[in-house]
Amino acid sequence: MVKRLDIESIRSAILQELHSTSCIPKNCEATGSQLQELLLNTIDRGEGNSVILVGPRGSGKSALTNQTLSMAKKVCKNPFIMVYLNGFVCVDDQQALKEIAKQLCPKEELSEVNLGSFASTMTFLLETLNSGDKERQSVVFILDEFDLFTQHHNQHLLYNLFDLSQSKSTPLAVIGLTCRQDIMELMEKRVKSRFSHRQFFLYGPTSIDQYIEIATDILSPNTISSTEWKSHVSKVFSSPSNKIRTYLERIYNYNRSIQTLKNCLTWAVVELTADKPKLNEELLEEKLIEFFKDNKATMIRSLSKLECCLLISIARLSTKYANQPFNLEMALHEYNEFVTFEGGKMAAIPNQSLAVTALEKLVSCQLVRVLSSRQSKVQRSYKLMYLNIDLVDFMTIVKTCNLPANAQKWAQSTLNF
Amino acid sequence: KQWYQRRVRGTRSSASGTLSEAESDASASSMKSAKNKRKRVKSSDTMIMEVDEVLHREDIVKDIKKMLAVYPPFLFITGPPGSGKSSSINNAVTSLSETVKIATVDMRDVLKVQGFFHAVLSQLISEPSRIPDHTSDFVRSLNMSLDGQCVLIVEHGHLFNSLNSLLFCTVTRLYQLTCNKVSVVLVSDSPWDLIYSSNGSTLTHPLILYVPPYTRQQMIDVITQHLLDTETELCSELGLTNQVMKSYVTTCIYDSLSPYTSSIREMMRTSRRLLPQYVEPLRKGELKMTDTIKLFQRVQSVLVDTMSQLGCLAGFKSGLELPYNSRVLLICAFLASHNPARLDKRFFCKAKSSRRKVKTRTTAKLSEVLKGPKTFPLDRLLAIFSAVTQDGTIPCSDVLISVSSLVSLNLIVKMSVDLLDQPKYKCLVPLPVVQSLAKESGVDLERFYFNY
Chain A
1 MVKRLDIESI
11 RSAILQELHS
21 TSCIPKNCEA
31 TGSQLQELLL
41 NTIDRGEGNS
51 VILVGPRGSG
61 KSALTNQTLS
71 MAKKVCKNPF
81 IMVYLNGFVC
91 VDDQQALKEI
101 AKQLCPKEEL
111 SEVNLGSFAS
121 TMTFLLETLN
131 SGDKERQSVV
141 FILDEFDLFT
151 QHHNQHLLYN
161 LFDLSQSKST
171 PLAVIGLTCR
181 QDIMELMEKR
191 VKSRFSHRQF
201 FLYGPTSIDQ
211 YIEIATDILS
221 PNTISSTEWK
231 SHVSKVFSSP
241 SNKIRTYLER
251 IYNYNRSIQT
261 LKNCLTWAVV
271 ELTADKPKLN
281 EELLEEKLIE
291 FFKDNKATMI
301 RSLSKLECCL
311 LISIARLSTK
321 YANQPFNLEM
331 ALHEYNEFVT
341 FEGGKMAAIP
351 NQSLAVTALE
361 KLVSCQLVRV
371 LSSRQSKVQR
381 SYKLMYLNID
391 LVDFMTIVKT
401 CNLPANAQKW
411 AQSTLNF
Chain B
1 KQWYQRRVRG
11 TRSSASGTLS
21 EAESDASASS
31 MKSAKNKRKR
41 VKSSDTMIME
51 VDEVLHREDI
61 VKDIKKMLAV
71 YPPFLFITGP
81 PGSGKSSSIN
91 NAVTSLSETV
101 KIATVDMRDV
111 LKVQGFFHAV
121 LSQLISEPSR
131 IPDHTSDFVR
141 SLNMSLDGQC
151 VLIVEHGHLF
161 NSLNSLLFCT
171 VTRLYQLTCN
181 KVSVVLVSDS
191 PWDLIYSSNG
201 STLTHPLILY
211 VPPYTRQQMI
221 DVITQHLLDT
231 ETELCSELGL
241 TNQVMKSYVT
251 TCIYDSLSPY
261 TSSIREMMRT
271 SRRLLPQYVE
281 PLRKGELKMT
291 DTIKLFQRVQ
301 SVLVDTMSQL
311 GCLAGFKSGL
321 ELPYNSRVLL
331 ICAFLASHNP
341 ARLDKRFFCK
351 AKSSRRKVKT
361 RTTAKLSEVL
371 KGPKTFPLDR
381 LLAIFSAVTQ
391 DGTIPCSDVL
401 ISVSSLVSLN
411 LIVKMSVDLL
421 DQPKYKCLVP
431 LPVVQSLAKE
441 SGVDLERFYF
451 NY
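As you go down the protein sequences, you meet chains A and B in turn.
Per my numbering, the very first residue in the first sequence carries number 1; after that it's consecutive.
Per my numbering, the very first residue in the second sequence carries number 1; after that it's consecutive.
For the record, the hints were derived by calculation from the structure and aren't laboratory data.
A couple of the hints might just be wrong.
Said to hold, decoys possible - Simulated crosslink set (SDA-like; lysine to any residue; CA at most 20 Å straight-line):
| id | chain 1 | residue 1 | chain 2 | residue 2 |
| --- | --- | --- | --- | --- |
| 1 | A | K26 | A | N41 |
| 2 | A | K26 | A | Q67 |
| 3 | B | K426 | B | G442 |
| 4 | A | K383 | B | G372 |
| 5 | A | K98 | A | S70 |
| 6 | A | K102 | B | S129 |
| 7 | B | K371 | A | L371 |
| 8 | A | K377 | B | L378 |
| 9 | A | K98 | B | D133 |
| 10 | A | K235 | A | K276 |
| 11 | A | K377 | B | E368 |
| 12 | B | K350 | B | T389 |
| 13 | B | K414 | B | G372 |
| 14 | A | K399 | A | A297 |
| 15 | A | K377 | B | V417 |
| 16 | A | K293 | B | T204 |
| 17 | B | K371 | A | K293 |
| 18 | A | K293 | B | S197 |
What the hints assert, rightly or not - Pairwise CB distance ranges (calculated):
| id | chain 1 | residue 1 | chain 2 | residue 2 | range |
| --- | --- | --- | --- | --- | --- |
| 19 | B | S404 | A | K107 | 56 to 64 Å |
| 20 | B | P340 | A | E342 | 41 to 49 Å |
| 21 | A | S9 | B | L234 | 28 to 36 Å |
Even for Gly, the Cβ is constructed at its ideal location relative to N, Cα and C.
Based on the provided sequences and hints, a complete structural model is requested.
Here it is, written out as structure tokens:
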């Protein structure tokens with residue numbers, strides 16, 4: 001019997017695990033030890049090193065880096081400073097330089113005057129860091145979304161960082177994290193030559209058993225010592241009475257990202273309370289099935305008849321004219337053809353503004369998107385747009401919509417073009 | 001503050017940037033100086049229910065509360081427009097707002113990236129030193145000044161893509177970037193796959209909460225509740241019960257409007273507009289409250305009128321008060337945009353001898369019409385103007401001044417200016433408006449207008 005108090009601690013431990021990037025698959029042990037050795041070389045022995053971790057999204061790159069760094073803090077004798085740069089946040093080399101300055105020397109106020117050339121600023125920063133009687137501190141740079149740094153002008157930051165890592169002034173370690181496999185082609189020649197050409201590849205789970213093992217590990221992290229809970233979790237995943245394993249296999253066939261797995265498991269974990277100390281299996285199954293649910297279909301089914309018919313006429317235009325952009329007038333013209341030939345008077349639109357509101361609703365649902373070229377001088381009903389959903393998808397969804405019979409027939413004849 | 005809260009939003013186009021930077025500053029500062037220093041900015045949409053209970057959405061509210069209590073990295077709430085997402089999240093967050101800082105940003109109000117930064121920082125930090133220009137400054141100020149858990153709610157999140165897609169990627173990862181302090185909740189009408197597919201594979205997957213659309217019965221209940229809450233004087237005056245309201249909403253509003261619009265806001269607005277006329281017979285004492293069929297028949301003619309006013313575009317004509325010359329000029333501009341140039345001779349020359357019947361091609365491709373109004377040079381406009389007014393007078397300077405005033409009213413728009421050529425214009429006024437203008441000014445539009 002799991003005691004009442006323990007459920008709370010179990011729950012918070014699992015939630016911490018879910019929300020942080022700290023869960024790595026078991027097949028990364030080798031890479032982890034190599035990375036740790038590299039860091040030790042830099043911090044303890046003063047070598048300059050650079051490495052890139054390549055792996056698809058959700059395969060554990062950040063998790064591995066964080067884990068290695070926290071272990072290095074405990075093991076290494078010398079102190080070191082960590083500078084974290086993200087490619088989404090630092091869109092420019094100037095921004096990156098400011099960020100580095102703030103993280104390396106937080107007390108120094110780097111005014112605009114000091115920002116001379118890049119290289120001189122970097123050396124200035126490192127000098128400031130190592131001034132005083134403290135021992136030489138090594139710096140570890142972590143560049144997340146490394147491929148975005150290669151898009152900067154002249155790859156200035158990368159060039160300087162790799163250059164400094166080769167020089168003897170301060171021991172520098174540069175760890176790049178990216179999901180692009182062709183990262184070596186993205187780097188310029190001079191940058192590539194200063195890079196040490198070390199790449200570690202991470203793959204994420206390679207079999208369904210590893211995937212389920214990761215799921216059990218997430219739900220029973222190391223901080224929980226209760227063996228009863230661990231056996232309960234493994235029973236949930238391996239019991240033949242529920243379909244959790246089959247659903248997990250289905251998800252695994254589409255998407256191996258650990259983030260998706262965490263999202264599906266979070267709902268079941270949130271339900272854990274003192275009254276319900278066991279994992280809710282039905283809820284877990286429901287959330288796993290929801291992964292395959294198509295929200296677009298429910299959205300289209302909830303549209304009014306006018307909006308649905310407008311969407312059908314847009315689909316007809318797309319089939320006739322091979323996905324060229326359309327405007328509201330064309331869609332209305334198409335719809336009026338239907339009205340004159342098959343629809344009868346009931347289907348006619350009383351006034352233009354109803355059609356405009358219907359189109360606005362479609363735009364707000366993003367089923368239809370406005371062309372991004374400058375259309376400020378174009379009237380609202382003549383603005384060019386294009387259909388954002390796949391035609392075949394749409395046709396299958398429309399079959400389940402609640403439309404009058406002649407509209408349904410008109411819709412089905414679209415595919416005959 | 002009251003005026004700010006009562007302003008009703010018109011059509012939901014994304015260009016509704018009526019809240020300028022100065023206004024947002026003023027409102028933000030007034031919010032700051034209120035008793036609760038870090039009060040979050042509430043949306044100015046009066047249709048979002050601020051009641052204690054959200055009808056038919058109790059499960060959703062419970063789910064949101066449960067999930068927010070554990071501070072998820074990224075929560076995405078989606079559902080068709082008007083399905084109660086904003087009301088549910090406002091409700092779920094009121095109990096949380098005493099312990100946790102909450103910031104709400106409506107992306108329809110944000111026109112520039114710095115506007116977003118300012119909106120977020122002014123709600124999460126009590127005195128932001130300056131508005132950051134760049135994303136890195138924004139993330140750094142969040143990291144430095146936040147001391148506890150926060151929740152950032154972004155409404156109409158799909159508009160983020162058109163603003164700045166890199167910023168969108170950053171905001172979805174804000175939880176990791178701020179050391180697990182900021183939970184991001186994105187509320188949007190569009191499903192996640194449509195947002196994700198337009199941004200490449202750079203977005204992290206959120207926890208998705210789907211809010212289903214209201215069923216028929218639920219929608220009727222919600223509209224009835226809204227009516228009873230807002231039209232309290234009318235209800236108490238005539239003693240209208242829940243039953244009467246419900247039958248009103250079912251017959252007049254829902255069943256008549258649902259083929260055309262599924263938007264609950266539209267139905268709420270129309271129901272409020274129609275209610276006085278519906279209860280007219282009750283007030284006069286001609287009919288009793290139980291004669292629902294007769295009440296409906298009385299109101300039917302008015303209903304057809306109201307339907308033509310759906311979509312809030314009816315106000316366009318009523319705002320157009322122009323002098324005679326300008327009106328005729330506008331009609332000429334419409335004709336110049338609409339008629340093809342080669343047919344001008346046929347329409348605008350004085351009746352010549354019809355000895356030589358020149359067969360001009362009168363058929364024109366429909367696709368040309370559907371693409372929109374065409375541009376015309378200034379000379380052509382003035383020529384048509386003198387043909388239509390039949391004065392024979394040469395257009396003088398005040399006609400040219402009228403042209404520039406029409407341009408500033410945005411009824412005619414000036415296309416790109418070529419220094420070597422004449423300025424070219426385009427008319428932006430639709431046909432129904434021009435027809436009513438022509439009737440007022442006594443211009444025979446049928447004679448000049450080329451009907452394809």
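Results for each hint:
With a C-alpha separation of about 24 Å, the suggested pair K26(A) and N41(A) falls outside the 20 Å cut-off, and the hint is violated. Proximity of K26(A) to Q67(A) is assessed by CA-CA distance (about 13 Å); at most 20 Å being required, the pair is judged to hold. Annotation: proposed proximity of K426(B) to G442(B) is violated, straight-line Cα distance about 23 Å (limit 20 Å). Using a Cα cut-off of 20 Å, the hinted pair K383(A) and G372(B) holds, with the two alpha carbons roughly 9 Å apart.
Distance check on the hinted pair: K98(A) and S70(A) sit about 25 Å apart at the alpha-carbon level, beyond 20 Å; violated. For a cut-off of 20 Å, the pair hint linking K102(A) to S129(B) stands: about 17 Å separates their Cα positions. As the CA atoms of K371(B) and L371(A) are separated by approximately 14 Å, the hinted pair is consistent with the 20 Å bound. Only pairs whose Cα atoms come within 20 Å are accepted, and K377(A) paired with L378(B) is accepted, the gap being roughly 18 Å.
Our distance criterion of 20 Å between C-alpha atoms is met by K98(A) and D133(B), whose separation comes to about 13 Å. For the hint pairing K235(A) with K276(A), the CA-to-CA distance comes to about 17 Å; that is within 20 Å, so the pair holds. Restraint check: the Cα-Cα separation between K377(A) and E368(B) comes to about 18 Å, which is no more than 20 Å; the hinted pair holds. The hinted pair formed by K350(B) and T389(B) meets the criterion: a straight-line CA distance of about 12 Å does not exceed 20 Å.
The suggested pairing of K414(B) with G372(B) holds, with an alpha-carbon distance near 15 Å, which does not exceed 20 Å. Distance restraint check for K399(A) and A297(A): the Cα-Cα separation of roughly 11 Å lies within the 20 Å cut-off, and the hinted pair is therefore satisfied. Between the alpha carbons of K377(A) and V417(B) the distance comes to roughly 14 Å, so the proposed pair stays at or under 20 Å and holds. Taking the CA atoms of K293(A) and T204(B), the gap is near 18 Å; set against the 20 Å cutoff, the hint holds.
Straight-line distance between C-alpha atoms of K371(B) and K293(A) comes to about 38 Å, which puts the hinted pair past the 20 Å bound. Taking the CA atoms of K293(A) and S197(B), the gap is near 16 Å; set against the 20 Å cutoff, the hint holds. The supplied range of 56 to 64 Å is met by S404(B) and K107(A), whose beta-carbon atoms lie about 59 Å from each other. Roughly 32 Å separates the CB atoms of P340(B) and E342(A), a value that falls outside the hinted 41 to 49 Å.
Checked against the given bound of 28 to 36 Å, the beta carbons of S9(A) and L234(B), roughly 56 Å apart, lie outside it.
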